[in-house]
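Asks: Each chain is listed here by its residues.
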Amino acid sequence: MTQPIPWLDGPLWPYLALLLFAVLPTEIWRWLAVIFSRRIDADSPALDWVRAVATALLAGIVAKLIVTPPGALAAVPLPLRIAALAVTLGIMLFDRRRVMLAVLAGEATLIGGAWWLLPG
Amino acid sequence: MMNPPPDRDWKRVALAGMRDALSLPAWVVGFGLIGVGSLASDVGYPVEVAVLSTMLVWAGPSQVIFFASIAAGAAWSAIAIAVGFASLRFLPMTVAILPLLRRPGQGIWVQLLLAHYVAVTSWTEGLRRLPDVPPQQRVAYFLGFANTCMATSSIGTFLGYYLIGALPIPFAAGLMCLTPIFFLASLSAGLRHRGDAAAIVLGLALAPICDRFIGGGFDLIVAGLIAGSVAFALRPRKRARPEQS
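Each protein sequence line maps, in turn, to chains E and H. 20 is the number that the numbering used here gives to position 20 of the first sequence; each next residue is one higher, with no gaps. Every position in the second sequence, counted from 1, becomes a number in the numbering used here once 1000 is added.
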């Protein structure tokens, strides 16, 4: 457990910590984007690049959550986690409108597999 | 085309956004944030802080890093930096979606409000759906869509705070995995050309490699910059001259 900063500690500390160390470092990028976006042309190659980087970052988060997963997901073996993603991706590549089916099939793979593999 | 009174029109458009959100995405983000609620209860923070984190941070990965790092005993500065890097993607994402939402005469406060709702789901779904919405209706549509996602997510966080410990591991793991599975499905649904496909494939491949070799929370942004730049180089040219095609 990270302990509260002593001179700021008190009953409101969890709220203060949330604002300082989670809300601020997240929201700052959205604010900066509003300031910068006024100077960027919607059709510019710069925006294409920015969109490509953002897409890659999201794909990167997917990979990180699968390879180094949080909480209960870590109890599921890596090949099964990858299999669940592969099922989802396979369905999406087959028909891009089947978002719901792809999500449910990936989930069914993971939960079903975990049910079989994990003791208890 | 018949023009209904602007007031009714605004509500009708917002309701359309709400309906589209409830068609699937709002439920998925709501389920995805159950895990955040359970992490928050794990570190002994009040349920109000868990739900507020969903409304004010509005970024699943940032919230996961925040609560999981506290549980792991990380320094506050390290937590802020890790959250900042995890959220850096909102800069390009917001820059990319604002042109779709911007209207002549729109104040900076409206844009700051709209930017707050930028997160993975509202961004991927917004980029996919907003071009089909008439420009003067997009703000209402987007706010209807995003606020619905935020409402279901707040409920999910609240439930997760009390619920997840009671679930058997396969189902808890399934809830944790809903986020990456839905992110990937949304990304593939928005595929337009080989540049997008390259960004997804390279991002998936590079992130774990960078995670291994680059420390200090910089790994994700390095992977994203490399993969995104390569994908950008591979994209088809927009204004190719007709005789070349």
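Hints are computed from structural coordinates only; laboratory data are not their basis. Be aware that one or more of the hints could be misleading.
For the chain E half of the interface with chain H, some residues (derived, Cβ under 8 angstroms), not all of them [to be verified]:
| # | residue |
| --- | --- |
| 1 | M1 |
| 2 | T2 |
| 3 | L8 |
| 4 | D9 |
| 5 | V34 |
| 6 | L47 |
| 7 | R51 |
| 8 | A54 |
| 9 | L58 |
| 10 | K64 |
| 11 | V67 |
| 12 | L78 |
| 13 | P79 |
| 14 | I82 |
| 15 | F94 |
| 16 | D95 |
Every value quoted in this text rests on a predicted model; they were computed, and no experiment measured them. Ideal Cβ placement from N, Cα and C applies to all residues, glycine included.
Asks: Are there hints from earlier that the structure breaks, and if so, what are their numbers?
Replies: Going through the list in order, the structure violates hints 3, 4, 12, 13, 14, 15, 16 and respects the others.
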